[in-house]
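Just so you know, the protein sequences line up as chains A and B, in that order. If you count the first sequence from 1, you need to add 17 to reach the working numbering. If you count the second sequence from 1, you need to add 543 to reach the working numbering.
Errors might be hidden in some of the hints.
[To be verified] Taking lysine to aspartate or glutamate pairs in the EDC-like style, the calculated list, with each CA pair at most 20 angstroms apart, reads:
#, chain 1, residue 1, chain 2, residue 2
1, B, 570, A, 106
2, B, 616, B, 603
3, B, 747, A, 125
4, B, 764, A, 181
5, B, 570, A, 116
6, B, 572, A, 116
7, B, 749, A, 123
8, B, 627, B, 663
9, B, 627, B, 659
10, A, 103, B, 684
11, A, 87, B, 674
12, A, 71, B, 674
13, B, 571, A, 116
14, B, 625, B, 799
15, B, 570, A, 123
16, B, 747, A, 132
17, A, 65, B, 674
18, B, 715, B, 659
19, B, 571, B, 684
20, A, 87, B, 732
21, B, 749, A, 126
22, B, 747, B, 757
23, B, 749, A, 125
24, B, 747, A, 126
25, A, 103, A, 163
26, B, 585, B, 771
27, A, 103, A, 70
28, B, 571, A, 132
29, B, 572, A, 132
Rather than coming from a laboratory, the hints here were simulated on the basis of the structure. Because the structure is a prediction, the values reported are computed rather than measured.
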Amino acid sequence: MRAWKHGTVFALLALVSTAAPAADLAVFDSIITARLIRSAFSRRPALKFRSHEKEGTRVYEAEYAFRRSKPGQHYLCLVSVGVAGKFLDWPAHQQRVAETRKQYSDRDEVFFRHEFPAIGRFAQRASPAFGPGGGSYGLSFRTTDDLYDVRLILSSLLPEHVADPGLDLERLATAISTRYDGQSRKHQRKSPETAKPDHSRK
Amino acid sequence: MADDYLAQLTEEQVAAWYGRLADVISKKKVSGSEPFAATLMKTYLRNRDPKATCEFDAPDHLKSLSYVLGVQKFHRDVFLTKQKGSFSGSEKWVGVLPRIQGWSGFTKWNLSSTLDLTYESLVEVGSGYADLVRIQLSGTDQERDIFASLRGFQLKSAVKVVGAKASASKVKIIFQSWSCSASDRYDFDYSEHLKMPNPDYGSKAKDAVRPGDESIEVYHKNAKRIEDKGLAAPFDVAIKPWIVTDASLLRAEEIDPARKLR
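Let's have the full structure, built from the sequences with the hints guiding it.
Structure below.
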């Protein structure tokens with residue numbers, strides 16, 4: 018009985034010592050702003066911008082508001098941030114890279130750089146969806162320090178009289194990653210004791 | 544539309560490009576199968592008769608879709624006369640109670656025989672802004688697939704019920720069987736458009752469309768062009784009946800046969 022109790026204590030201690038600190042997703046509030054998202058559009062449209070956090074995901078919504086001719090028409094950019102592992106998985110990513118290289122053996126490196134852009138630690142495009150109800154596509158990346166996953170999705174269906182406002186998702190993802198790295202570096206300079214992230218697995 | 548590059552192509556080239564887009568969409572499996580969005584698009588490109596009804600087995604992820612379960616629960620309430628059914632914009636009581644009470648317009652039901660009931664209503668996936676955001680943010684691949692492929696569709700429930708006296712004032716309604724089917728129209732609104740990743744990006748194929756462009760603006764007026772040329776056609780989607788086995792839908796329920804309906 019005593020041995021069981023000790024075992025339980027050790028197990029609890031182990032759990033406590035390995036638990037990751039609660040991620041402060043709000044660090045992205047000063048990075049993913051309405052202004053930043055707007056800067057990734059070629060037409061700089063007026064956007065309705067909101068942010069909220071739910072179930073471990075911080076969400077930034079940018080809606081291009083236009084006069085709808087039918088319900089269901091929309092233009093929506095969604096940026097979600099979660100701790101690393103929330104949207105991406107390194108082994109699954111490697112498998113995806115290998116499969117894509119096999120499936121698209123006729124394509125050049127430009128194509129693969131597009132499918133797996135050099136953003137953050139690693140990045141990949143999401144499979145698109147398309148139909149009479151609209152379409153969506155996106156991309157996700159892991160931050161350079163391996164701490165967070167960021168997912169960007171564009172979902173749209175526009176009436177004839179509304180021109181596409183020209184959102185460049187890759188440009189937006191790159192801007193988020195660059196800003197995040199800049200903030201991290203600033204933070205590291207202030208705290209020299211900060212441990213360097215472990216990049217050994219890549 | 545200066546960015547309508549598909550407009551510069553022949554109808555044959557447009558249809559082939561749509562086919563390659565469907566191939567890209569079909570690469571990511573949903574519940575182990577080809578996404579329904581890709582299946583429907585390929586059918587659209589194969590079809591030549593706009594009056595055709597094309598039948599499909601119900602995808603597993605449609606049968607288990609939370610939106611479907613929500614509508615099935617509503618159908619159950621309509622069958623049990625707990626909620627009014629909607630008929631061409633007007634609401635009225637239907638289901639077991641008007642039949643038990645022998646209302647005019649209903650065949651009196653004496654509980655001893657099996658009663659067949661059917662009811663049909665709309666399932667809307669991502670109908671409002673909030674729901675659309677939820678699907679794109681935290682929705683499953685299955686929800687996103689149905690959202691893109693069908694979005695809204697008619698769901699029909701057909702049930703067989705029997706009744707039995709449970710007590711002096713209660714009747715027990717037992718669902719003997721329940722099957723569902725779904726229907727929709729697969730067609731594009733020619734006045735709409737959207738940007739999609741270009742399936743030909745980086746391709747060296749001779750027939751590749753703008754291989755230097757990562758994305759292409761897809762104006763659905765090009766869908767009309769290929770339809771007019773006989774290279775595709777909209778169609779009625781008929782999803783074959785499937786057996787409903789959800790215990791929460793099939794559970795027996797006691798009702799008051801004398802309840803006054805208002």
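These are the hints, each one checked on the structure:
Simply put, residue 570(B) and residue 106(A) have alpha-carbon atoms about 19 angstroms apart, close enough for the 20 angstroms limit, and the pair holds. Distance restraint check for residue 616(B) and residue 603(B): the Cα-Cα separation of roughly 18 angstroms lies within the 20 angstroms cut-off, and the hinted pair is therefore satisfied. Taking the CA atoms of residue 747(B) and residue 125(A), the gap is about 8 angstroms. The hint holds against a cut of 20 angstroms. Between residue 764(B) and residue 181(A) the alpha-carbon distance is near 15 angstroms, which keeps this suggested pair within the 20 angstroms criterion.
Under the criterion of a C-alpha separation no larger than 20 angstroms, the hint pairing residue 570(B) with residue 116(A) is consistent with the structure, at around 11 angstroms. Under the criterion of a C-alpha separation no larger than 20 angstroms, the hint pairing residue 572(B) with residue 116(A) is consistent with the structure, at around 14 angstroms. The straight-line distance between the Cα atoms of residue 749(B) and residue 123(A) is roughly 12 angstroms, inside the 20 angstroms bound, and the hint therefore holds. Proposed proximity of residue 627(B) and residue 663(B) is supported: the alpha carbons are some 13 angstroms apart, at most 20 angstroms.
With a C-alpha separation of about 18 angstroms, the suggested pairing of residue 627(B) with residue 659(B) holds against the 20 angstroms cut-off. Under the criterion of a C-alpha separation no larger than 20 angstroms, the hint pairing residue 103(A) with residue 684(B) is consistent with the structure, at around 15 angstroms. Under the criterion of a C-alpha separation no larger than 20 angstroms, the hint pairing residue 87(A) with residue 674(B) is consistent with the structure, at around 16 angstroms. Simply put, residue 71(A) and residue 674(B) have alpha-carbon atoms about 15 angstroms apart, close enough for the 20 angstroms limit, and the pair holds.
For a cut-off of 20 angstroms, the pair hint linking residue 571(B) to residue 116(A) stands: about 11 angstroms separates their Cα positions. For a cut-off of 20 angstroms, the pair hint linking residue 625(B) to residue 799(B) stands: about 11 angstroms separates their Cα positions. Taking the CA atoms of residue 570(B) and residue 123(A), the gap is near 17 angstroms; set against the 20 angstroms cutoff, the hint holds. Taken as a hint, the residue 747(B) and residue 132(A) pair is honoured in the structure, with Cα atoms around 16 angstroms apart against an allowance of 20 angstroms.
Between residue 65(A) and residue 674(B), the direct Cα distance comes to roughly 17 angstroms. Compliance with the 20 angstroms bound is thereby established for this hinted pair. Distance check on the hinted pair: residue 715(B) and residue 659(B) sit about 16 angstroms apart at the alpha-carbon level, within 20 angstroms; holds. The hinted pair formed by residue 571(B) and residue 684(B) meets the criterion: a straight-line CA distance of about 10 angstroms does not exceed 20 angstroms. At roughly 10 angstroms between alpha-carbon atoms, residue 87(A) and residue 732(B) fall within 20 angstroms of each other, so this suggested pair holds.
For the hint pairing residue 749(B) with residue 126(A), the CA-to-CA distance comes to about 18 angstroms; that is within 20 angstroms, so the pair holds. At roughly 14 angstroms between alpha-carbon atoms, residue 747(B) and residue 757(B) fall within 20 angstroms of each other, so this suggested pair holds. For the suggested pair residue 749(B) and residue 125(A), the alpha carbons sit about 15 angstroms apart, so the restraint of at most 20 angstroms is met. A C-alpha spacing of about 12 angstroms is found between residue 747(B) and residue 126(A), which places the hinted pair at or below 20 angstroms, so the restraint holds.
A C-alpha spacing of about 12 angstroms is found between residue 103(A) and residue 163(A), which places the hinted pair at or below 20 angstroms, so the restraint holds. The straight-line distance between the Cα atoms of residue 585(B) and residue 771(B) is roughly 17 angstroms, inside the 20 angstroms bound, and the hint therefore holds. Between the alpha carbons of residue 103(A) and residue 70(A) the distance comes to roughly 14 angstroms, so the proposed pair stays at or under 20 angstroms and holds. Pair hint residue 571(B) plus residue 132(A) holds up; C-alpha atoms about 14 angstroms apart against a cutoff of 20 angstroms.
With a CA separation close to 18 angstroms, the supplied pair residue 572(B) and residue 132(A) stays within the 20 angstroms bound.
Checked against the numbered hints given earlier, the structure satisfies every one of them.
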